[in-house]
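> The lines below spell out each chain.
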Amino acid sequence: MAWLRVTSSMIKLIHVSKSYRIDEETEFFALKDATLEIKEREFISITGPSGSGKSTLMHLVGLLDKPTKGEILIQDKAISRLDDDELSSLRNSFIGFVFQQFNLIPKLSVMENILLPTIYSRKEIDYSPEMKAVNLLKKFGLYEKKDSFPNKLSGGQQQRVAILRALIMNPKLILADEPTGNLDSKTGHEIMELLKNLNEKEKITVAVVTHETDIAKYGKRIINVKDGTVKK
Amino acid sequence: MEYFLFIVRSAFEDFKRSKMQTFLTSLGIIIGVFAVIMLTALGLGLKKYISDQFDALGSNTLFVIPGQISTSGGGFNPTSTLGTSFDIRDVNSLKRIRDVIAIAPIAMKSGTGKGTVKTENVTIFFTSADFFSIAGFSVDKGRLFDQNDVEKRSKVLVVGPSIAAKLYGTAYSALGKKIAIDNVNFTIIGIIASKGGGGLGGSDYDSYFFGPYTTGYVFNPNKQFFRIGVRVNPAVGLSAVKAEIDKVMLRRYKVDDFSVLEPSQILSIVNSIFSILNAVLVAIASISLLVGGIGIMNIMYVTVSDKTREVGIRRAIGARKSDILSQFLIEAVALSVIGGSLGLVLAELGVLAVSSFFPAYIDLPSVALALGVSSAIGIIFGVLPARKAANLEPVEAIRYE
Numbered sequence: 051m052a053w054l055r056v057t058s059s060m061i062k063l064i065h066v067s068k069s070y071r072i073d074e075e076t077e078f079f080a081l082k083d084a085t086l087e088i089k090e091r092e093f094i095s096i097t098g099p100s101g102s103g104k105s106t107l108m109h110l111v112g113l114l115d116k117p118t119k120g121e122i123l124i125q126d127k128a129i130s131r132l133d134d135d136e137l138s139s140l141r142n143s144f145i146g147f148v149f150q151q152f153n154l155i156p157k158l159s160v161m162e163n164i165l166l167p168t169i170y171s172r173k174e175i176d177y178s179p180e181m182k183a184v185n186l187l188k189k190f191g192l193y194e195k196k197d198s199f200p201n202k203l204s205g206g207q208q209q210r211v212a213i214l215r216a217l218i219m220n221p222k223l224i225l226a227d228e229p230t231g232n233l234d235s236k237t238g239h240e241i242m243e244l245l246k247n248l249n250e251k252e253k254i255t256v257a258v259v260t261h262e263t264d265i266a267k268y269g270k271r272i273i274n275v276k277d278g279t280v281k282k
Numbered sequence: 004m005e006y007f008l009f010i011v012r013s014a015f016e017d018f019k020r021s022k023m024q025t026f027l028t029s030l031g032i033i034i035g036v037f038a039v040i041m042l043t044a045l046g047l048g049l050k051k052y053i054s055d056q057f058d059a060l061g062s063n064t065l066f067v068i069p070g071q072i073s074t075s076g077g078g079f080n081p082t083s084t085l086g087t088s089f090d091i092r093d094v095n096s097l098k099r100i101r102d103v104i105a106i107a108p109i110a111m112k113s114g115t116g117k118g119t120v121k122t123e124n125v126t127i128f129f130t131s132a133d134f135f136s137i138a139g140f141s142v143d144k145g146r147l148f149d150q151n152d153v154e155k156r157s158k159v160l161v162v163g164p165s166i167a168a169k170l171y172g173t174a175y176s177a178l179g180k181k182i183a184i185d186n187v188n189f190t191i192i193g194i195i196a197s198k199g200g201g202g203l204g205g206s207d208y209d210s211y212f213f214g215p216y217t218t219g220y221v222f223n224p225n226k227q228f229f230r231i232g233v234r235v236n237p238a239v240g241l242s243a244v245k246a247e248i249d250k251v252m253l254r255r256y257k258v259d260d261f262s263v264l265e266p267s268q269i270l271s272i273v274n275s276i277f278s279i280l281n282a283v284l285v286a287i288a289s290i291s292l293l294v295g296g297i298g299i300m301n302i303m304y305v306t307v308s309d310k311t312r313e314v315g316i317r318r319a320i321g322a323r324k325s326d327i328l329s330q331f332l333i334e335a336v337a338l339s340v341i342g343g344s345l346g347l348v349l350a351e352l353g354v355l356a357v358s359s360f361f362p363a364y365i366d367l368p369s370v371a372l373a374l375g376v377s378s379a380i381g382i383i384f385g386v387l388p389a390r391k392a393a394n395l396e397p398v399e400a401i402r403y404e
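As you go down the protein sequences, you meet chains G and B in turn.
For the first sequence, our numbering gives the first residue as 51, with consecutive numbering after it.
For the second sequence, our numbering gives the first residue as 4, with consecutive numbering after it.
Take these hints with a grain of salt, some might be off.
[As the list claims (entries may be wrong)] Facing chain B, a subset of chain G residues (Cβ under 7 Å, in silico):
# : residue
1 : Ser138
2 : Ile155
3 : Pro167
[Stated by the list, open to error] Which chain B residues stay away from chain G? Per the calculated CB distances, all over 12 Å, these:
#  : residue
4  : Ser13
5  : Ile34
6  : Tyr52
7  : Ser136
8  : Val142
9  : Lys169
10 : Lys198
11 : Tyr304
12 : Ser325
13 : Ser344
14 : Leu345
15 : Phe361
16 : Arg402
Derived by calculation from the structure, the hints in this document are not laboratory data.
We put the beta carbon where it would ideally sit given N, CA and C, even for glycine.
Please construct the entire structure, taking both the sequences and the accompanying hints into account.
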């Protein structure tokens with residue numbers, strides 16, 4: 051009955067602002083009155099110059115930050131009513147993060163980094179995370195590196211490990227913040243192909259924050275952020 | 004549980020990577036636990052040693068000592084033991100009590116004794132022949148002095164085996180030798196059988212001389228005794244005889260001027276003195292534990308700032324505040340328990356090192372206390388830094404360079 055299925059909402063931002071008080075009178079808006087929807091299985095790119103507020107947008111969508119105003123809905127549930135533990139659980143199993151700096155934990159091996167989210171999971175995992183990790187490592191051509199430490203890997207390999215860590219909990223959404231920012235152009239495109247593949251084959255929703263136009267082109271929809279304002 | 008083991012393991016991997024830092028951080032705890040355990044072990048050993056000595060006195064003895072000593076209420080008041088002493092009149096009146104079957108007035112003299120091998124500071128107890136039966140001494144070689152020696156004021160001494168060996172090379176070679184103590188010449192007529200016990204700077208029975216009390220008047224022109232030991236008829240209760248002694252003594256002395264004690268009472272006084280002493284020493288040593296705890300708190304704050312980004316990453320992939328809290332708390336506890344264990348091992352070695360001359364020992368409660376206290380320190384001093392880490396805003400932490 052797949053043809054009957056209506057594409058539903060993954061993330062919705064409704065009049066969301068994020069501001070910081072600088073002093074009594076001045077308030078700095080990192081993001082101002084942003085309204086935006088990301089639908090299930092979408093691949094969107096969020097672009098804009100540095101300091102435009104795209105990273106703030108990404109942190110809000112990723113539940114790492116809380117809006118000063120407005121409401122964020124995840125699968126039509128308002129997150130303002132969730133407590134810190136519930137937000138942590140969503141970050142753990144619903145969202146997978148990929149960062150510019152890769153953000154692997156240096157003292158943990160590749161395998162341990164990939165399995166780290168499963169350690170923080172409170173829900174029953176109905177598959178073997180180790181088996182899944184091994185399969186993914188083989189698929190990504192990193193199996194020989196499973197006991198290596200991050201500093202022994204190239205940038206591209208580290209970013210692949212970070213993607214594997216994002217995938218281990220079977221997330222619905224992958225958020226990538228400048229995933230190619232620390233990689234050469236060829237490796238950058240390989241990583242983007244990988245994300246594209248996950249979106250098309252694994253039906254995972256992907257949002258990529260980038261300031262590079264040729265990277266942004268991977269998105270089926272591009273959202274532009276400038277001076278804290280979202281332009282579609 | 005799985006998470007707990009994972010965290011413990013990764014804490015230990017961290018420590019392995021920075022062994023020197025870990026060692027220095029836990030040094031305060033190492034020293035603190037070492038000091039507390041060692042002092043407790045010495046105190047316990049000393050207490051046991053003294054208890055054993057009083058056990059050797061047998062159950063049918065009483066001691067009359069100057070001053071008021073009470074084991075109940077106010078406890079032990081040392082100043083009241085000074086001032087009064089007894090004389091031969093007291094000994095004679097106590098002797099007349101029907102159920103007193105042996106009596107030993109005791110005077111003490113310290114002086115320099117010149118042996119063939121060495122010259123030593125010696126202590127002589129001048130007492131009656133009854134003393135040996137009251138204190139449970141027997142002769143190993145030669146003879147003990149007797150009533151005849153007391154009457155004749157014979158210049159004879161009986162010697163403990165360890166001091167004899169010090170002065171003459173071997174204990175037996177002291178027999179028959181002359182010894183001058185503060186220019187008074189004595190003949191050694193007997194070596195007593197060892198009562199055992201450790202060293203304690205020579206204060207065991209094996210390190211004393213014993214002579215007739217009448218002879219001792221040479222050094223004691225006022226003819227006074229600082230203690231009178233009494234053996235009572237075992238068929239009669241100690242308390243009945245004690246009441247009799249009280250009655251006799253009260254004819255000459257005020258109630259505050261003397262006390263009649265059973266060895267068990269002396270023992271409880273000794274115990275209470277050692278308990279207080281031990282508590283004071285342990286309290287002083289505990290200061291080092293406090294300092295150690297502060298050291299751990301300091302290093303944990305440094306660790307939290309070092310790991311701010313790591314905390315951000317962990318929070319981004321789903322760690323809860325409580326996960327971060329326990330990670331740092333476990334690290335602090337592990338650090339202080341490592342310190343505690345090393346301190347315990349050191350104390351064990353210390354006890355082993357002094358065991359040849361001091362009867363120290365570590366009991367199970369001390370071990371439990373050491374580990375308990377060091378975990379408690381880890382928790383107390385780790386909780387603030389750990390809370391700081393747990394309360395880091397994820398977005399701030401992940402941006403931290």
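> For every hint, state whether the structure bears it out.
Verification of the supplied hints:
Below 7 Å, beta-carbon pairs count as interface contacts, and Ser138 of chain G has one with chain B at about 4 Å; its hint therefore holds. Given the 7 Å rule on beta carbons, the hint for Ile155 of chain G holds: about 6 Å separates it from the nearest Cβ of chain B. This hint holds: Pro167 of chain G has a C-beta 5 Å from the nearest C-beta of chain B, less than the 7 Å allowed. For Ser13 of chain B, the condition that its CB be more than 12 Å from all CB atoms of chain G is violated, with the nearest at approximately 7 Å.
For Ile34 of chain B, the non-interface assignment is confirmed: its Cβ lies about 29 Å from the closest Cβ of chain G, beyond the 12 Å cut-off. Even its closest Cβ contact with chain G, about 52 Å, leaves Tyr52 of chain B beyond 12 Å, as expected for a residue assigned away from the interface. Listed as outside the interface, Ser136 of chain B is consistent with that label: its C-beta sits roughly 74 Å from the nearest C-beta of chain G, beyond the 12 Å cut-off. Every CB of chain G lies more than 12 Å from the CB of Val142 of chain B, the least distance being 73 Å, so the non-interface label holds.
For Lys169 of chain B, the requirement that its beta carbon stay farther than 12 Å from each beta carbon of chain G is met, with the minimum near 62 Å. Even its closest Cβ contact with chain G, about 62 Å, leaves Lys198 of chain B beyond 12 Å, as expected for a residue assigned away from the interface. Listed as a non-interface residue, Tyr304 of chain B keeps its Cβ farther than 12 Å from every Cβ of chain G; the least gap is roughly 20 Å. With a minimum CB-CB distance of about 8 Å to chain G, Ser325 of chain B fails to clear the 12 Å threshold, and the non-interface call is violated.
With a cut of 12 Å on Cβ distances, Ser344 of chain B stays outside the contact zone with chain G, its closest approach being about 24 Å. Here Leu345 of chain B stays apart from chain G, with its beta-carbon at least about 24 Å from theirs, past the 12 Å limit. A cut-off of 12 Å between C-beta atoms confirms that Phe361 of chain B is not in contact with chain G; the least separation is 46 Å. Distance check for Arg402 of chain B against chain G: the nearest CB is about 9 Å away, which does not clear 12 Å, and the non-interface claim fails.
Violated hints, listed in ascending order, are 4, 12 and 16; each of the other numbered hints is respected by the structure.
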